[in-house]
Amino acid sequence: MRASRISPALFRLGAFDSLPLMFAIIPFGIIWGAVAAAAGLNLLQTVMMSVTVLAGASQLASVEILKSDAPILVAIIAGAAVNLRFLLYSASMAPSWRGAPFGLQATAAYMLFDQPYGLCAVRYPRQPQETPVERLSYFLGTGAAFTLVWHVASALGWAVGARIPMDWGVDFIVPLSFLAIFAPALRDKPSWFALIVASGAALLLRGLPYGLGPLVAAGVGVAAGIWSENRLSGKESRS
Amino acid sequence: MSAAPMAAIDPTRFWLLALGLGAITYAMRISFMALMRRHAPPPGLIRALRFAPFTILPAILAPMVVFPTSGGGEVDPLRIVAALAALAAGALTRSMLATIGVGAAVFWGLGALL
Numbered sequence: 026m027r028a029s030r031i032s033p034a035l036f037r038l039g040a041f042d043s044l045p046l047m048f049a050i051i052p053f054g055i056i057w058g059a060v061a062a063a064a065g066l067n068l069l070q071t072v073m074m075s076v077t078v079l080a081g082a083s084q085l086a087s088v089e090i091l092k093s094d095a096p097i098l099v100a101i102i103a104g105a106a107v108n109l110r111f112l113l114y115s116a117s118m119a120p121s122w123r124g125a126p127f128g129l130q131a132t133a134a135y136m137l138f139d140q141p142y143g144l145c146a147v148r149y150p151r152q153p154q155e156t157p158v159e160r161l162s163y164f165l166g167t168g169a170a171f172t173l174v175w176h177v178a179s180a181l182g183w184a185v186g187a188r189i190p191m192d193w194g195v196d197f198i199v200p201l202s203f204l205a206i207f208a209p210a211l212r213d214k215p216s217w218f219a220l221i222v223a224s225g226a227a228l229l230l231r232g233l234p235y236g237l238g239p240l241v242a243a244g245v246g247v248a249a250g251i252w253s254e255n256r257l258s259g260k261e262s263r264s
Numbered sequence: 025m026s027a028a029p030m031a032a033i034d035p036t037r038f039w040l041l042a043l044g045l046g047a048i049t050y051a052m053r054i055s056f057m058a059l060m061r062r063h064a065p066p067p068g069l070i071r072a073l074r075f076a077p078f079t080i081l082p083a084i085l086a087p088m089v090v091f092p093t094s095g096g097g098e099v100d101p102l103r104i105v106a107a108l109a110a111l112a113a114g115a116l117t118r119s120m121l122a123t124i125g126v127g128a129a130v131f132w133g134l135g136a137l138l
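In order, the protein sequences belong to chains A and B.
Per this note's numbering, the very first residue in the first sequence carries number 26; after that it's consecutive.
Per this note's numbering, the very first residue in the second sequence carries number 25; after that it's consecutive.
In isolation and in its complexed conformation, chain A is listed as follows (with noise of 0.2 Å):
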């Protein structure tokens, strides 16, 4: 019984790891609620977009394909390819994950955005004693402490709307949040090695369609760290 209810101290924790990354989700929540009112959304739908669909670049992206008289399915397809990415952080936790009640899962799933998902990718491997339900526990933390700030954040931006000045280059906050998650992760070889190879194949493939450039380029990035991997191991085994 103990084993599947969730720990009370990991969740804080993660709410707790979760705090320097408001920089990001604050101005990011404003933005979204600042777009949805410009493009005549009221209050009650700005805030159930963001309960439906939980992931701010893929609502951005087709409301305005929807402002444009699009039809609907275009606007569909051009915010899940937006979302492809939530395939690849679905792999990455399942297995964590697997185990634990399927109640629990389901309920992590619907916050499995960057913020949390990139949290734990960098946590896990480093607590490898956890239990599912432990790392559950730490996740839940940090996705509702994301979800929470994003929803107050969003109706903020509605509010305020376009008084709020975008020329100072609010578009870097969102990278700028991404590094903050990897970057103090970083401890070996085979790890950099992936990055600059992912990050490399990612700005060849920017060309390709419905978002699969980051995907194609993140999978090369784990050959190429698996590779370094090995012939690091097969240089020390034969010394």
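Because the hints were derived from the structure by calculation, they are not lab data.
Treat the hints with care, as some may be off.
[To be verified] Within a straight-line C-alpha distance of at most 25 Å, the following computed SDA-like cross-link-like pairs (lysine to any residue) qualify: (1) A:Lys-92 / B:Ile-33; (2) A:Lys-92 / A:Val-185; (3) A:Lys-214 / A:Val-177; (4) A:Lys-92 / A:Met-73; (5) A:Lys-214 / B:Leu-116; (6) A:Lys-214 / B:Arg-71; (7) A:Lys-214 / B:Leu-108; (8) A:Lys-260 / A:Val-245; (9) A:Lys-214 / B:Leu-137; (10) A:Lys-92 / B:Ser-55; (11) A:Lys-92 / B:Ala-72; (12) A:Lys-214 / A:Ala-248; (13) A:Lys-260 / B:Ala-72; (14) A:Lys-260 / A:Trp-217; (15) A:Lys-92 / B:Thr-36; (16) A:Lys-92 / B:Leu-116; (17) A:Lys-214 / A:Asn-255; (18) A:Lys-92 / A:Ile-102; (19) A:Lys-214 / B:Ala-72.
Model, not experiment: these values are computed from the prediction.
Following the hints, put chain B in place on chain A, whose structure we already have.
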């Protein structure tokens, strides 16, 4: 975000988008949890996934940094330098706040001076 008054989006179209995109997005998020409920992850997957955060997050951010949409896709050296400085600071200090602080100081601080 233009100043021209915008005709409201038709409510039916809006709700179809919110529910349709929401359903597809959730299906992608839960896909591998559902799959691995019955099937064990293939050996080697866990080893490969160790590299996932060091590949998918950089693969998303590298094009954003090198070809920012706000500059019409034109290369902005300040963004590249700021991102590299943040990467170095994060790897050296192993601190999230130092990563953010150095990246922000270079991008907004140095950017204001230049």
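Hint numbers contradicted by this structure: Numbers 3, 9, 10, 11 and 16, in rising order.
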